[in-house]
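A.B. asks: Sequence:
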Amino acid sequence: MSRQESFPPTAAPAQTLRAWLLLLLFLLCWQALPAAAGEEPGKQVVFIRYPIEPNHFRGQMQAFRETMARLGFSEGEKIRYIDVLTKSAGEESAPEVVAAVERYKASTDLFVTCGWVSMVARPLLKESGIPQLFVPVLESVALSMLPSLTRAPETNLSGIYLMYPPEKVLRLAKLVIPGLRHYAYVYDSRIPADASYLAAYQRLPPEARYGITLHFLDLSGGAAPVLAQLRQLRIEAFGGIVGATQHRAALLESGLPQITSYTLDIEPGEIAAFTKGGNTVAGLFNSFPSCGEQAARMAADILSGRTAIAAMPPQPARQLTFVDLRNARRLALKVPFGAVEAVDLVIK
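Numbering that gives the first Met the number 0 numbers the first residue of the sequence shown as 0 and each following residue consecutively.
Everything labelled a hint here was simulated from the structure, so no lab data went into it.
We treat Cβ as the ideally placed atom computed from N, Cα and C, and that holds for glycine.
Among the hints, erroneous ones may be present.
EDC-like, lysine to aspartate or glutamate: derived pairs with alpha carbons at most 16 Å apart [claimed, not checked]:
1) Lys-42 - Glu-76
2) Lys-42 - Glu-74
3) Lys-125 - Glu-101
4) Lys-167 - Glu-206
5) Lys-86 - Glu-65
6) Lys-125 - Asp-108
7) Lys-77 - Asp-300
8) Lys-333 - Glu-235
9) Lys-42 - Glu-126
10) Lys-77 - Glu-65
11) Lys-42 - Asp-82
12) Lys-104 - Asp-82
13) Lys-167 - Asp-343
14) Lys-347 - Glu-269
15) Lys-42 - Asp-300
16) Lys-173 - Glu-206
17) Lys-104 - Glu-126
18) Lys-125 - Glu-91
19) Lys-77 - Glu-126
20) Lys-173 - Glu-235
21) Lys-173 - Glu-340
Distance windows between CB atoms, simulated [said to hold, decoys possible]:
22) Tyr-209 - Glu-101: 49 to 59 Å
23) Pro-191 - Leu-324: 48 to 58 Å
24) Ser-188 - Val-97: 25 to 35 Å
25) Ser-188 - Gly-89: 16 to 26 Å
26) Glu-101 - His-181: 47 to 57 Å
27) Thr-306 - Pro-53: 28 to 38 Å
28) Glu-90 - Lys-167: 26 to 36 Å
29) Pro-50 - Arg-328: 32 to 42 Å
30) Val-345 - Arg-180: 49 to 59 Å
31) Gly-277 - Gly-221: 12 to 22 Å
32) Ser-188 - Ile-51: 15 to 25 Å
33) Ala-88 - Ala-331: 29 to 39 Å
34) Gly-304 - Arg-180: 50 to 60 Å
35) Pro-204 - Gly-75: 30 to 40 Å
Based on the sequences and whatever the hints tell you, model everything.
C.D. replies: Next comes the structure, spelled out in structure tokens:
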């Protein structure tokens, strides 16, 4: 006689599907539990930069990320980055900046805008409430977006700005060439930064000129007329900012020492290679990685809620001075020991 065993009836397909859906819902809820228990979701930071020579802000970005990690914002967990690099350094890339802001502003906690792109992004972010850090921009550019660089901005904009005080350039020039009497600021009147710097030179009081007669030579007509003026006016040294750097190869023909300011993305370890074989004997420049570190400390305070960006005044970038003794020797210029002692970097 056979024994028949009975089994519970098989679950209906609809019941099985419902069970799987409940299991999936449970797993999704379980994964969300840390955030519900108070753990902050990761912050999103969007960089918008352009290809400035020679490094395209790469050192600055690396320093920003490393500093943020040290401050508790580990990448991939507490923070995630989106990097937007425009195709060109010119204003023809402005539509790319606009597109990036529009694409990411709904999901982003902080925009870091580098250089002139800050001005393009500003109108789109001004009313959004999303914090915007400019890292870095020229002092004149910062002042075109904010009424003051010493007070709290009282808006969602702050950052790091670059200063190239003409008084400091002339003081350095006098240290390097104690008998200097005639110095030329070589500029291009078509370039806003050069024009702004010209106005700063013109505002210098006599005591900030150190007995030096200033001459202002415009490159808008090309380098040849400026070379002729350098000879006719018996200029002993010259400097500039953007236009002078763009025409540096042509101005080398003057045979005059250049004591100047550089606004390029140059790191401290690269300045020797950049000035090699030129006529720059001394100058000022800003380390972009240092700007990245400064900006990261500001960003950490903003993203952690410790300080609102509206209460955070912009900061000047750390500035470095240098003397290039190789170029000085080639130009038969003997640099006093006091000048060598006074600068941050000596290129031998």
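A.B. asks: So, for every hint listed, does it hold in this structure?
C.D. replies: Now the hints, each set against the structure:
no.	hint	in the structure
1	Lys-42 - Glu-76	9 Å, holds
2	Lys-42 - Glu-74	10 Å, holds
3	Lys-125 - Glu-101	13 Å, holds
4	Lys-167 - Glu-206	12 Å, holds
5	Lys-86 - Glu-65	26 Å, violated
6	Lys-125 - Asp-108	14 Å, holds
7	Lys-77 - Asp-300	14 Å, holds
8	Lys-333 - Glu-235	14 Å, holds
9	Lys-42 - Glu-126	20 Å, violated
10	Lys-77 - Glu-65	13 Å, holds
11	Lys-42 - Asp-82	14 Å, holds
12	Lys-104 - Asp-82	14 Å, holds
13	Lys-167 - Asp-343	14 Å, holds
14	Lys-347 - Glu-269	14 Å, holds
15	Lys-42 - Asp-300	13 Å, holds
16	Lys-173 - Glu-206	13 Å, holds
17	Lys-104 - Glu-126	11 Å, holds
18	Lys-125 - Glu-91	22 Å, violated
19	Lys-77 - Glu-126	26 Å, violated
20	Lys-173 - Glu-235	11 Å, holds
21	Lys-173 - Glu-340	14 Å, holds
22	Tyr-209 - Glu-101: 49 to 59 Å	50 Å, holds
23	Pro-191 - Leu-324: 48 to 58 Å	34 Å, violated
24	Ser-188 - Val-97: 25 to 35 Å	29 Å, holds
25	Ser-188 - Gly-89: 16 to 26 Å	19 Å, holds
26	Glu-101 - His-181: 47 to 57 Å	52 Å, holds
27	Thr-306 - Pro-53: 28 to 38 Å	34 Å, holds
28	Glu-90 - Lys-167: 26 to 36 Å	30 Å, holds
29	Pro-50 - Arg-328: 32 to 42 Å	34 Å, holds
30	Val-345 - Arg-180: 49 to 59 Å	26 Å, violated
31	Gly-277 - Gly-221: 12 to 22 Å	20 Å, holds
32	Ser-188 - Ile-51: 15 to 25 Å	22 Å, holds
33	Ala-88 - Ala-331: 29 to 39 Å	37 Å, holds
34	Gly-304 - Arg-180: 50 to 60 Å	56 Å, holds
35	Pro-204 - Gly-75: 30 to 40 Å	53 Å, violated
Of the hints listed earlier, those the structure fails to meet are numbers 5, 9, 18, 19, 23, 30 and 35, in rising order.
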